[in-house]
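For what it's worth, my numbering labels the leading residue of the sequence shown as 55, then goes sequentially.
It is possible that part of the hints are untrue.
[Stated by the list, open to error] The calculated EDC-like cross-link candidates involving lysine to aspartate or glutamate, where the alpha carbons are at most 20 Å apart (straight line), are:
1) Lys141 - Glu80
2) Lys79 - Asp136
3) Lys79 - Glu140
[What the hints assert, rightly or not] Each pair of labels, with its calculated beta carbon distance range:
4) Glu140 - Lys62: 36 to 42 Å
5) Leu66 - Asp113: 19 to 25 Å
6) Tyr137 - Met64: 28 to 34 Å
7) Lys141 - Glu59: 40 to 46 Å
8) Ser118 - Lys62: 34 to 40 Å
9) Leu138 - Ile92: 16 to 22 Å
10) Ser77 - Leu119: 20 to 26 Å
11) Thr110 - Leu63: 33 to 39 Å
12) Gln72 - Leu119: 20 to 26 Å
13) Asn111 - Glu140: 32 to 38 Å
14) Glu59 - Glu140: 40 to 46 Å
Please keep in mind that the hints were generated in silico from the structure rather than gathered at the bench.
Glycine included, every Cβ here is placed at the ideal spot set by N, Cα and C.
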Amino acid sequence: MTQQELSKLMTLPELQKQILQLSIKERWHLVQFVLGSIQQETLSSIPGTSTLESLTNLDSWTQSLIGVIPLGEENPTENSVDYLEEKYG
55 MTQQELSKLM TLPELQKQIL QLSIKERWHL VQFVLGSIQQ ETLSSIPGTS
105 TLESLTNLDS WTQSLIGVIP LGEENPTENS VDYLEEKYG
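Based on the provided sequences and hints, a complete structural model is requested.
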């Protein structure tokens, strides 16, 4: 990466400030995206284990997040965001 490219990157506090400017719906989409990426990365980093074994090796806090947002048959992200927006919005 060049120096010019590095200077364009946001710091963590800048990113957090930008995130707080998003709507609640957009932040829930971001939460789902980040959690999904963490789950994929975690599961793919443990070779040769079943999904159940992989999940039991997660930190207890991370395990507590599994199943928090129920997935439906249709657009699960949209359904969850709508539910949470109605409940807390």
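Hint by hint, here is what the structure shows:
no., hint, in the structure
1, Lys141 - Glu80, "holds, 15 Å"
2, Lys79 - Asp136, "holds, 8 Å"
3, Lys79 - Glu140, "holds, 10 Å"
4, Glu140 - Lys62: 36 to 42 Å, "holds, 38 Å"
5, Leu66 - Asp113: 19 to 25 Å, "holds, 20 Å"
6, Tyr137 - Met64: 28 to 34 Å, "holds, 30 Å"
7, Lys141 - Glu59: 40 to 46 Å, "holds, 41 Å"
8, Ser118 - Lys62: 34 to 40 Å, "holds, 36 Å"
9, Leu138 - Ile92: 16 to 22 Å, "holds, 19 Å"
10, Ser77 - Leu119: 20 to 26 Å, "holds, 22 Å"
11, Thr110 - Leu63: 33 to 39 Å, "holds, 36 Å"
12, Gln72 - Leu119: 20 to 26 Å, "holds, 23 Å"
13, Asn111 - Glu140: 32 to 38 Å, "holds, 35 Å"
14, Glu59 - Glu140: 40 to 46 Å, "holds, 41 Å"
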